[in-house]
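A.B. asks: What follows is the residue order along each chain.
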Amino acid sequence: MEHIVIIGNGISGVTAARHIRKQSDKKITIVSDETDYFFSRTALMYIYMGHMKFEHTQPYENHFWEKNRIDLKRGRVKTVETTSKTLIFENNESLTYDTLIIATGSKPNKFGWPGQDLKGAQGLYSKQDLDTLEEMAPNNKSCQRAVIVGGGLIGIELAEMLNSRGIPVTFLVRENSFWNGVLPQGDSEMINRHIKSHHIDLRLATNLKSIQDDGNGRVKSVIIEETGEEIPCNVVGLTAGVTPNIDFLKSSAIETDKGVLVNRQLETNIKGIYAIGDCAQQREAIGQRRSIEAVWYTGRMMGEVVAQTICGNPRTYNPGHWFNSAKFLDIEYQTYGWVFSEKNKPVYEAHFHWKHDDDTKCITVAFHKENQQFLGINTFGIRMRHEVFDRWLTEKRDIDFVIQHLSEANFDPEFYKRFEKDILKTYQNQFQNA
Amino acid sequence: MSTQSHQNLSLADSKQLSTQQKVASGIGILGLFILVLALFNVNFPNRGLVLASALGLIATGAIWFANNAYLSKSKGIKNDGVWFKSISSRGLTGWITGIALTSFYIVLYFKPVWLGMGIDGAKNTGLIALFDPLSKLLSGNPASQWFVYGTLYTLAILIFGYKFILKYRHNKYEQLRTASVMFFQLAFAFLIPEFMARLNSDSFSLPYYDLKNIWPLNYYNFEQYRVDDFISAGDVGLGLLIFGLVSIFVITPILTYKYGKRWYCSWVCGCGGLAETAGDAFRHLSDKSTFAWKVERWVVHSVLVFVVLMTTAVVYSYLGDDSSQYWLTKNVFLYSVAGLLTIVFAGVLFFKRQELAKDAKLGAIGYFVIIITLIAMHQFGMRLFYFEAETLRSSYGFLIGSIFSGVIGTGFYPIFGNRVWCRFGCPMAAILGFQQRLFSKFRITTNGGQCISCGNCSTYCEMGIDVRAYAQKGENIVRSSCVGCGVCSAVCPRGVLKLENDSMNGRINSQSVLLGNDVDLMDLLNQK
Numbered sequence: 001m002e003h004i005v006i007i008g009n010g011i012s013g014v015t016a017a018r019h020i021r022k023q024s025d026k027k028i029t030i031v032s033d034e035t036d037y038f039f040s041r042t043a044l045m046y047i048y049m050g051h052m053k054f055e056h057t058q059p060y061e062n063h064f065w066e067k068n069r070i071d072l073k074r075g076r077v078k079t080v081e082t083t084s085k086t087l088i089f090e091n092n093e094s095l096t097y098d099t100l101i102i103a104t105g106s107k108p109n110k111f112g113w114p115g116q117d118l119k120g121a122q123g124l125y126s127k128q129d130l131d132t133l134e135e136m137a138p139n140n141k142s143c144q145r146a147v148i149v150g151g152g153l154i155g156i157e158l159a160e161m162l163n164s165r166g167i168p169v170t171f172l173v174r175e176n177s178f179w180n181g182v183l184p185q186g187d188s189e190m191i192n193r194h195i196k197s198h199h200i201d202l203r204l205a206t207n208l209k210s211i212q213d214d215g216n217g218r219v220k221s222v223i224i225e226e227t228g229e230e231i232p233c234n235v236v237g238l239t240a241g242v243t244p245n246i247d248f249l250k251s252s253a254i255e256t257d258k259g260v261l262v263n264r265q266l267e268t269n270i271k272g273i274y275a276i277g278d279c280a281q282q283r284e285a286i287g288q289r290r291s292i293e294a295v296w297y298t299g300r301m302m303g304e305v306v307a308q309t310i311c312g313n314p315r316t317y318n319p320g321h322w323f324n325s326a327k328f329l330d331i332e333y334q335t336y337g338w339v340f341s342e343k344n345k346p347v348y349e350a351h352f353h354w355k356h357d358d359d360t361k362c363i364t365v366a367f368h369k370e371n372q373q374f375l376g377i378n379t380f381g382i383r384m385r386h387e388v389f390d391r392w393l394t395e396k397r398d399i400d401f402v403i404q405h406l407s408e409a410n411f412d413p414e415f416y417k418r419f420e421k422d423i424l425k426t427y428q429n430q431f432q433n434a
Numbered sequence: 001m002s003t004q005s006h007q008n009l010s011l012a013d014s015k016q017l018s019t020q021q022k023v024a025s026g027i028g029i030l031g032l033f034i035l036v037l038a039l040f041n042v043n044f045p046n047r048g049l050v051l052a053s054a055l056g057l058i059a060t061g062a063i064w065f066a067n068n069a070y071l072s073k074s075k076g077i078k079n080d081g082v083w084f085k086s087i088s089s090r091g092l093t094g095w096i097t098g099i100a101l102t103s104f105y106i107v108l109y110f111k112p113v114w115l116g117m118g119i120d121g122a123k124n125t126g127l128i129a130l131f132d133p134l135s136k137l138l139s140g141n142p143a144s145q146w147f148v149y150g151t152l153y154t155l156a157i158l159i160f161g162y163k164f165i166l167k168y169r170h171n172k173y174e175q176l177r178t179a180s181v182m183f184f185q186l187a188f189a190f191l192i193p194e195f196m197a198r199l200n201s202d203s204f205s206l207p208y209y210d211l212k213n214i215w216p217l218n219y220y221n222f223e224q225y226r227v228d229d230f231i232s233a234g235d236v237g238l239g240l241l242i243f244g245l246v247s248i249f250v251i252t253p254i255l256t257y258k259y260g261k262r263w264y265c266s267w268v269c270g271c272g273g274l275a276e277t278a279g280d281a282f283r284h285l286s287d288k289s290t291f292a293w294k295v296e297r298w299v300v301h302s303v304l305v306f307v308v309l310m311t312t313a314v315v316y317s318y319l320g321d322d323s324s325q326y327w328l329t330k331n332v333f334l335y336s337v338a339g340l341l342t343i344v345f346a347g348v349l350f351f352k353r354q355e356l357a358k359d360a361k362l363g364a365i366g367y368f369v370i371i372i373t374l375i376a377m378h379q380f381g382m383r384l385f386y387f388e389a390e391t392l393r394s395s396y397g398f399l400i401g402s403i404f405s406g407v408i409g410t411g412f413y414p415i416f417g418n419r420v421w422c423r424f425g426c427p428m429a430a431i432l433g434f435q436q437r438l439f440s441k442f443r444i445t446t447n448g449g450q451c452i453s454c455g456n457c458s459t460y461c462e463m464g465i466d467v468r469a470y471a472q473k474g475e476n477i478v479r480s481s482c483v484g485c486g487v488c489s490a491v492c493p494r495g496v497l498k499l500e501n502d503s504m505n506g507r508i509n510s511q512s513v514l515l516g517n518d519v520d521l522m523d524l525l526n527q528k
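Protein sequences, first through last, are from chains C and U.
According to full-length UniProt numbering, the stretch in the first sequence is residues 1 to 434, in order.
According to full-length UniProt numbering, the stretch in the second sequence is residues 1 to 528, in order.
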């Protein structure tokens, strides 16, 4: 029987395994060094904040895997020998495969800062990272201040986590406004203010120079590049993005760049070896998407596709319209289609921005300057319907239509105050009277 | 490894209270202490004033605590440290609270004398006597253990309802729903029945009737003494009796069709009201396993069958045989019940069989056969239902009415979560759930491909529904047990869930590939 081995038990690997099982009786083994069972990585923050326990982050009950004949193996793969189709583990055990799926995800970026490997300096990606944080920052007596380096989605989550335990946080952001490589200025500035309103010491346009040692190999403080200021702290969160977690493949015949290079069938240069999720790098661009997408749902979709291919129904990975979501402290964010920041905006892209007076809700709608085509929307503090925007993007609606019909896309709970009229009025004032 | 790290969590400091919260707790405990003193027969000179201060102190403490806990913070989800606090994570405080509540229920149901209940015309003493002034003010009668319980119950819904409204002050749905249960408890369950008792005289007597307490939750509504009271009270009484019938056979199906069972369970019902307010701190303790779901389905539907049999037997027992005296005789009644049940079961099995799981079909047929066999046995001259109506009635009252709904259902809030009774025991919930699953426009819609499987929705579902299992498949949630509290939607960090009433078509949409992927692939896989 064909043996399919999946390295990595995250959303990508597990989705692939589930869909392969749905369609075949192939032998499936999932290898993980991180945990016994699949859990939702995105929920790690809620364990630290006391909203959930670890078991609540596991989407399937423990008996699920045996019932579905999916073997789970704990272990860390050291090398992949592609000629003999064998995995060698760190403890020198080996495992042979017929088909291999690499789904090893990411690891936090470290940019060679002095002191980045001291005890107390850490990223937030794995279950082990969470355990380390619990050890280093259990409360505000053991950890009197934490400094977070890197203003992205993980950075703000880490800030919220530490904040929940009353630990003062200094948040160093390289850009002059939070996440403004991705968010347009109006959106980004509202989030700046929201972060500050939670008593987080947000330092914009500020870089880390070094992390200081207390003499025992633990973090004592950080030094700011621009001012030379020393900020005493016990924990340094390194959240300046992630890179594919593929060091173990460097000596193998599998072709890699930043990630494992794959074609549109998600196949590597070696037949029968696939890579999916955060660690896969597309050889060909797909629309305006990045070649590596460390996003929950793209991992899931790649798992769905690779399962088809392996089960004799070859498919190309063909994601639909871009969408994503996040939460910045108390403000939910959703995006559908493409809305680029001022830095990355193509010349033809124009924006309509509306913000509520309470400074916790806003939307930015991107459209084509020439033909008014709707390109995408960022929505903060107002939930919107994925299905509706997906359809409007496919139908290439223009911005007038979208603003006129915005109420169809509302997804807020019943009885919530609605803002469509106010948005329409602002839109008319900005564009139609001009 | 994962279990070891959890022990570290006890170091988390978020369980600490602010100074104001400590003072507020102290004030509330002082109020409770006065009630305890009364329980030990301390003779207070001015009972009215003492009772008012006790209840006032409890309310002030709770309101101050809630203000301090929520008003100083930004609007949003407030679940920090829920699993670190002893009271809400089955810690020592949780167990102590559970045991104290359980003991209170046992005494309340089975030893009211210990609370000071005066038996056979004797004067009340102790705790119950303390409540005499309030009772006399409202109904003109001295207090009973049920009046004490009703007052404390209402107070709990009001103060914890206030706390809940502050906790969810960003969420209009939660606020309105809570204001609604607070209103129905205060007006319908507490004040109106007391005022109705004022109308009673020697020639006119209405039974104590909480109008929103519908049969079969109100399992005694059609018992002989009540029906006699209703009928002897003329047009008003007859109106109330008819209202009791209309509320289960007409109002309930219509509202459930339009809005789902939430119109009752989380907007009106008193049991739901207490669970949603005082029980909110325990909602995450419900069991989410598929095993618990299986137990739930069998137990709750068995209770429903039990209450149907019991009520049929009780009504049958007091009806007459002579159709010339009154058209509704024993036989007419029995055949009507059998006929109605046959129509319902046959109709569902015929029109909705594709929507029923195998065990649901077997269960339905099994229950139906049991009921019809018992009725048929009667026809062949055996004693109705094999048991005496009175035996059925008293065992139901003891097992279900007292032990299940009170002692276990509420006493064990801090251990099993706040909806044990509603989920496993309530026959009204079973009827509403049956309608909600098969004949309702209500569902929880999933927002395309946005779910990240984090598990907040499932964790905070008080009914133990694994909401995430549906959301991560892009599937609407259409479950009998869902009471529509809306908390899954509130705690979702990605805006994935929305409670909606919409068309019956496409309400149940099992999909294997979510929105966002290749359109052809979605079509291909979802067709299967």
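No lab work stands behind these hints: they were computed from the structure.
Among the hints, a few may not be true.
Unchecked claim - Derived pair list, reagent style EDC-like, types lysine to aspartate or glutamate, alpha-carbon separation capped at 20 Å: (1) U:75 <-> C:358; (2) C:250 <-> C:267; (3) U:73 <-> C:359; (4) U:172 <-> C:357; (5) C:67 <-> C:55; (6) C:361 <-> C:330; (7) U:473 <-> C:357; (8) U:172 <-> C:66; (9) U:441 <-> C:189; (10) U:85 <-> C:358; (11) U:172 <-> C:358; (12) C:53 <-> C:2; (13) U:172 <-> C:330; (14) C:22 <-> C:55; (15) U:78 <-> C:135; (16) U:441 <-> C:230; (17) C:417 <-> U:500; (18) U:75 <-> C:414; (19) U:172 <-> C:412; (20) C:327 <-> C:225.
A.B. asks: If a hint holds in the structure, say so; if it does not, say that too.
C.D. replies: Taking the hints in turn, this is what the structure says about them:
no. : hint            : in the structure
1   : U:75 <-> C:358  : 12 Å, holds
2   : C:250 <-> C:267 : 17 Å, holds
3   : U:73 <-> C:359  : 16 Å, holds
4   : U:172 <-> C:357 : 18 Å, holds
5   : C:67 <-> C:55   : 19 Å, holds
6   : C:361 <-> C:330 : 11 Å, holds
7   : U:473 <-> C:357 : 37 Å, violated
8   : U:172 <-> C:66  : 44 Å, violated
9   : U:441 <-> C:189 : 41 Å, violated
10  : U:85 <-> C:358  : 33 Å, violated
11  : U:172 <-> C:358 : 16 Å, holds
12  : C:53 <-> C:2    : 37 Å, violated
13  : U:172 <-> C:330 : 16 Å, holds
14  : C:22 <-> C:55   : 25 Å, violated
15  : U:78 <-> C:135  : 24 Å, violated
16  : U:441 <-> C:230 : 61 Å, violated
17  : C:417 <-> U:500 : 16 Å, holds
18  : U:75 <-> C:414  : 18 Å, holds
19  : U:172 <-> C:412 : 10 Å, holds
20  : C:327 <-> C:225 : 29 Å, violated
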